[in-house]
Amino acid sequence: MNVQVPLTAQDFKSDVKPIWCPGCGDYAVLSAITKALAELDTPREKIAFISGIGCSSRIPAYTNLYGFHGVHGRALPIAAGVKLARPDLTVIVAGGDGDGLSIGGNHFLHACRRNVDMTYVIMDNEVYGMTKGQASPTTSPDWCKSKLTPEGTGISPVEPIRLALAAGANFIARGFAGNPAEVARLIVEGIAHPGFSFIQILSPCVTYRPEEREWKQAVHASETEPAQIMAEAMHRLAADDGFTTGVLFAGNRAPFMPARDVKTTIADIERKFAS
Amino acid sequence: MAAYSVSVALTGSGGAGSMTAGQILLDSASKAGFYGLMTRSMGPQIRGGEAAALVRISSTPISSLDDHYDLLIAFDWGNISRFAAELPLSTDSLILCDPAQGPVPDSIATYGARVAPLALKALSERVHGGRGNMIGLGAVAALIGLPIESVLHVLATQLGRKGEEVLAASTASVKVGAEAATLLPPMPKLPEGNPHGASRWNISGNEAAGLGALKGGIKFVAAYPITPATEVLEWLAPALEKTGGALIQAEDELASINMVIGGAFAGLPSLTATSGPGLSLMTESIGLAVASETPLVVVDVMRGGPSTGIPTKSEQSDLNIAVYGLHGDAPHLVVAPNSSTDCLAATQWSVYLAEALQSPAIVLSDQAMGQSRVIIDKPAESPYVADRLVADADIDGYQRYALTESGISPMAIPGTPGSNYVADGLEHNERGTPSSQASDHLAQLDKRARKLQNFDYGDNWADVEGDGEIAVITWGSVTGPVREALDRARAKGIKAKLISLRLILPALPERMDAALAGVNKVLVVEQSHSQQFNKFLRGHYDLPADVSVFSRPGPLPIRPGEILTRLAVWE
Amino acid sequence: MSEVAIFLAHAVALEAEAAERYDELADAMEVHNNPEVAAMFRKQAHFSRLHLAEVQGTVKDVELPKLKPWEYQWQSAEGPESAPVERTHYLMTPYHCIHLALQNERRGHQYYADVAYKSQDPDVRRLATEFAAEESQHVVMLEKMAATVEEPEPDWDLDLDPPVVSD
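The listed protein sequences correspond, in order, to chains P, S and W.
Going by this note's numbering, the first residue of the first sequence is number 1, and it counts up by one from there.
Going by this note's numbering, the first residue of the second sequence is number 1001, and it counts up by one from there.
Going by this note's numbering, the first residue of the third sequence is number 2001, and it counts up by one from there.
Chain P extracted, bound-state conformation (with noise of 0.2 angstroms):
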């Protein structure tokens, strides 16, 4: 069934419906990535879409992609893993910042150095879902009404835009959920550039965080050109009030991939065995 028909983003959804709470980011989240596989050519099973735990991480049962529901922070080796073995495969990996940042921030580090060529979209609501509310990475340092931290985190939330430029990643991005022609945009944009790009979508959380609605007046369209140079975004983001959209940077680094030839024959490499 080789469709020559474009595809539409309806076809890259499955039957199974998001257990996702009504009003939820990730709705429109699920709806620009759709829209944006829909903008691209790429046959519907040469895209693998990878993810870890949390409620975000549950996103590839939702599309008909070939997909991988991991365990909690691991999305990124995982997808770091079907690149390698497959350089033929589109990657994209989804998750949310306690998953991406906290427990899989190692692997965060990582993949932005490593810069295999993938997209990653951090699906960010500055809480932990599925366990009922807690403070993540992302949580500002006095939000208090976590029952694991009642008087707030006090400590400064990581910054992820800031992050992953710092650590090496090759496009950077900020979208808002509310706004999911603009996310399409940035993960068509992301998809297409070499290398790692990392999509950071504000997402609110209405049943944790019900004053995320509020984002909608926050965010700001970025008035400038993506940054191509390091120095350049650095110096934007340490200015930036964690609201602003748009490709942020594009950075022009060539992407990890060995070399794959066959030289020689497991037989010769064996006969250095003999004695």
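Treat each hint with caution, since some may be false.
Think about it this way: if two alpha-carbon atoms lie no more than 25 angstroms apart in a straight line, the pair counts; the simulated SDA-like pairs of lysine to any residue are [unchecked claim]: (1) S:Lys-1378 with P:Thr-265; (2) P:Lys-272 with S:Asp-1546; (3) P:Lys-13 with S:Ala-1402; (4) S:Lys-1378 with S:Ala-1156; (5) P:Lys-147 with W:Asp-2161; (6) S:Lys-1492 with S:Asp-1546; (7) W:Lys-2043 with W:Glu-2030.
Restraint-style ranges between C-beta atoms, simulated for each label pair [claimed, not checked]: (8) W:Ala-2147 with P:Met-230: 37 to 45 angstroms; (9) W:Lys-2118 with S:Ile-1413: 50 to 58 angstroms; (10) S:Ser-1439 with W:Ser-2166: 17 to 25 angstroms; (11) W:Thr-2058 with P:Gly-152: 30 to 38 angstroms; (12) W:Lys-2118 with P:Asp-241: 30 to 38 angstroms; (13) P:Asp-241 with W:Pro-2152: 35 to 43 angstroms.
Hints in this document: simulated from the structure, not taken from any laboratory.
Where a beta carbon is used, it is the ideal one built from N, C-alpha and C, also for glycine.
Given the structure of chain P, go ahead and fit chains S and W onto it with the hints provided.
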């Protein structure tokens, strides 16, 4: 097996060159037509620490250290007392040492062995650029009856690259050492060697595991360095690169196991290698491989534990974590090679099993066999290669986790049109959709257990050798000394059977029952403190009432004579 | 590409996206055991599809440009009749649902009215005026329906159980 062999310990510190001398000794023995085995014992220092090369040379194949060393050559005494316990000597043994290095330390002198002086320093000064370790090597070769030509041949092959001068100095040193040996007390000599051409191999267990992986069809490896497993990965890196595969260095073991899951999901037979601490980090994701039915191989080269433990020394104490370390009911494969040589076949078989059964396989090697270098007959070709049951394109209503009779369901590989699915660590239904229903959970648990339990593992599940009412049940590298002890026992008229378990999981009670037919006494031999293997056996198998256990933790190797003593109790 | 074609592409997308969103919301309400509101959203999706069919009827002889999602010139982030996701709630009542739909239709009407007012192209002005009139009928219809639905008690979103933990 009980044929004549010679064991030599070469010790020294601070760059004395004992490891190099030991390596050349082993290679020379191979050249002269002997079998052999060399293990290493080292202090924790990166450079300059105390080191012992422990070499055994034999006219028949061996996979065990002997009860004691016939010859100890000390290039210096350094901190030798740190591993004096690893250097057992008999009163017939000979100690060679340079009087200039001072008296024999008490920890060694206590063995009561003969001592002979060898003025390494003075002799080396007679040769331009002379080296004490090469003088010692020459003396050792002459003393044990190893043809000096074979040593010179190996020197020419290995040092030729370093230039004429180095080669000439080493050659002269070896000759001076051999000459000096004529003045030393005699010791039993090796019989004639059997030069063999290219039919023998010189390989370490870790290299063998790497080769087994490659021959089994591994194409993708993710690696994080850890002692004593690193050589598996270091050997695989260039080998994969040259044969169209890839090895990636990961940021940690959490990443390496998950990269391997990704590679396997994407269709390539995939593997990683680690040791205890790394295996601990990997266990959550090995469980993911169980639940998502992703084939992969983890080679665990065991070292002393718990925690950082004793990284450079061997122990069979990861059995529990390999068998029971996964949370939930998580049937998986655990395969244990039982010699350096078997690291090849067992790893290759594990790749085959993992792929055929879409299951993670843990290969339990250990430092003793992994880092031993052996001279062996060229291993026979094994038929086992990765062969995964894959799904066709465009399957209407494709069910990744379909409940088949065998429990194995065709796996769609990304790129296959129309058979997409989402692999999941959440319990799922046949299609792969997350489900917490009792019926789905039970059906999938049954399926995952069934596919392992019903598979035909053939005769590889264990090495069962000999007959008798006594059986020694063992596993892993301890099999070498057990085998040798049983050979000696038979020579004394004690009839006993060897059962060395290669397939640890799944347990095959029917096969064990058959192997134990007629047996009424069992000796379990293992290298752990808490009798992990004995408890494993009792949990999975019916043993006769009369069971005795010889279990000792590392780092001291279990030696044939100790096992023989325990068997003799029953005589 | 003519201005009419671009306008009609917007009109098609407006209804198609509205229908898609209503279906998503209906699905979400079904998953969250709010069948009454789910059925209402499903009905709204149905109406949006009927409107879509009408627009497509108008369009059938025109070759529409294939715009990328971010190339549509809406006045806000999404198509005017796409229900804002963040305005939904699992315990929402028919009252909320009907008012949400009403606001969507009002935005739809506003959109067409604006285009009719601003466009320089007479064909676009004619069509936009026609569509705006159509939308105002929808608004009136929904206003009538809304008048029949009682406002819920202030504690309509009270949940006697705490949220659950999942993965």
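Checked hints:
A distance of roughly 18 angstroms separates the Cα atoms of S:Lys-1378 and P:Thr-265; the hinted pair therefore holds under the 25 angstroms criterion. In summary, the hint linking P:Lys-272 to S:Asp-1546 is not supported, as the alpha carbons are separated by about 48 angstroms, beyond the 25 angstroms threshold. Among the hinted pairs, P:Lys-13 with S:Ala-1402 is consistent with the structure: their alpha-carbon atoms are about 22 angstroms apart, no more than 25 angstroms. The hinted pair formed by S:Lys-1378 and S:Ala-1156 meets the criterion: a straight-line CA distance of about 24 angstroms does not exceed 25 angstroms.
As the CA atoms of P:Lys-147 and W:Asp-2161 are separated by approximately 17 angstroms, the hinted pair is consistent with the 25 angstroms bound. Taking the CA atoms of S:Lys-1492 and S:Asp-1546, the gap is near 22 angstroms; set against the 25 angstroms cutoff, the hint holds. Distance hint between W:Lys-2043 and W:Glu-2030 is fulfilled; the C-alpha atoms sit about 13 angstroms from each other, no more than 25 angstroms. In this structure, W:Ala-2147 and P:Met-230 break the distance hint of 37 to 45 angstroms, their C-beta atoms being roughly 60 angstroms apart.
Here the CB-CB span from W:Lys-2118 to S:Ile-1413 is close to 54 angstroms, well matched to the stated 50 to 58 angstroms. For the pair S:Ser-1439 and W:Ser-2166, the beta carbons lie near 20 angstroms from each other, so the given range of 17 to 25 angstroms is met. One distance hint, 30 to 38 angstroms for the beta-carbon pair W:Thr-2058 and P:Gly-152, is violated here, with the actual separation near 57 angstroms. Our hint of 30 to 38 angstroms for W:Lys-2118 and P:Asp-241 holds, since their Cβ atoms are close to 33 angstroms apart.
Separated by about 37 angstroms at the C-beta atoms, P:Asp-241 and W:Pro-2152 satisfy the suggested range of 35 to 43 angstroms.
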